[in-house]
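Student: Using our numbering, the first residue of the sequence shown is number -16, and each one after it goes up by one.
Simulated from the structure, these hints should not be mistaken for laboratory data.
All residues carry an ideal CB built from backbone N, CA and C; glycine is no exception.
A portion of the hints provided could be inaccurate.
Between beta-carbon pairs, the in silico distance windows are [claimed, not checked]:
id: 1; residue 1: 41; residue 2: 63; range: 36 to 44 angstroms
id: 2; residue 1: 40; residue 2: 69; range: 38 to 46 angstroms
id: 3; residue 1: 1; residue 2: 40; range: 17 to 25 angstroms
id: 4; residue 1: 34; residue 2: 74; range: 45 to 53 angstroms
id: 5; residue 1: 99; residue 2: 27; range: 39 to 47 angstroms
id: 6; residue 1: 27; residue 2: 56; range: 15 to 23 angstroms
id: 7; residue 1: 70; residue 2: 50; range: 22 to 30 angstroms
id: 8; residue 1: 70; residue 2: 47; range: 31 to 39 angstroms
id: 9; residue 1: 33; residue 2: 55; range: 20 to 28 angstroms
id: 10; residue 1: -1; residue 2: 50; range: 28 to 36 angstroms
id: 11; residue 1: 12; residue 2: 43; range: 17 to 25 angstroms
id: 12; residue 1: 88; residue 2: 13; range: 56 to 64 angstroms
id: 13; residue 1: 33; residue 2: 69; range: 38 to 46 angstroms
id: 14; residue 1: 103; residue 2: 34; range: 28 to 36 angstroms
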Amino acid sequence: METPKKTYSKQGGRPKVGIGRIRKYVVSTRLSPERKLRFSALCREAGQPSAEVLRQLIDRGTVRARITREQLDFMAQLKGVARNLNQLTRLANAKGLTAVRVRHAAIVTAIEKLLKQICDDR
């Protein structure tokens, strides 16, 4: 008696894109030179291609720029300061708050300064 061979209809690969995510409509438009310059500047500031900028404008009404290298550096500094704050909090719980109060205030000030720089860049 022979065992039937299993047949597979799909052998792997990229899954199909859902119907709601298919980009099948193309929109073209004509722009005046001034609007074209404004649109190009917006794309350049955002660091994204023109199609993605248009999608964001339609979805949100605004365009968010990509995170810059400088902002990533600020976030890395913030992460390091937050680690120090966590260590001081553990120390304060173990030994008492009075021993850590001065260092704690300095770190909180540094965190506030970094957050302000990141928010100003956005």
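Student: Each hint: holds or not?
Tutor: To see whether the hints hold, each was checked on the structure:
Checked against the given bound of 36 to 44 angstroms, the beta carbons of residue 41 and residue 63, roughly 39 angstroms apart, stay inside it. Between residue 40 and residue 69 the beta carbon distance is about 40 angstroms. The supplied range of 38 to 46 angstroms therefore holds. As the Cβ distance of residue 1 to residue 40 is approximately 23 angstroms, the hint placing it in 17 to 25 angstroms holds. The hinted window of 45 to 53 angstroms between residue 34 and residue 74 holds, with their beta carbons roughly 52 angstroms apart.
A hinted range of 39 to 47 angstroms is violated for the C-beta pair residue 99 and residue 27, which are about 26 angstroms apart. Distance hint check: the CB atoms of residue 27 and residue 56 are about 22 angstroms apart, consistent with the given range 15 to 23 angstroms. Against the hinted window of 22 to 30 angstroms, the Cβ-Cβ separation of residue 70 and residue 50 comes to about 27 angstroms, which satisfies the hint. Checked against the hint of 31 to 39 angstroms, the pair residue 70 and residue 47 passes, with Cβ atoms roughly 34 angstroms apart.
Remark: the range hint 20 to 28 angstroms for residue 33 to residue 55 is upheld by a beta-carbon distance near 25 angstroms. Taking 28 to 36 angstroms as the suggested C-beta distance range, the pair residue -1 and residue 50 conforms, at roughly 32 angstroms. A hinted range of 17 to 25 angstroms for the beta carbons of residue 12 and residue 43 is consistent with their spacing of about 19 angstroms. Under the hint 56 to 64 angstroms, the C-beta atoms of residue 88 and residue 13, about 59 angstroms apart, fit the expected range.
Here the CB-CB span from residue 33 to residue 69 is close to 43 angstroms, well matched to the stated 38 to 46 angstroms. Hint check: residue 103 to residue 34, Cβ distance near 29 angstroms, so the stated range 28 to 36 angstroms holds.
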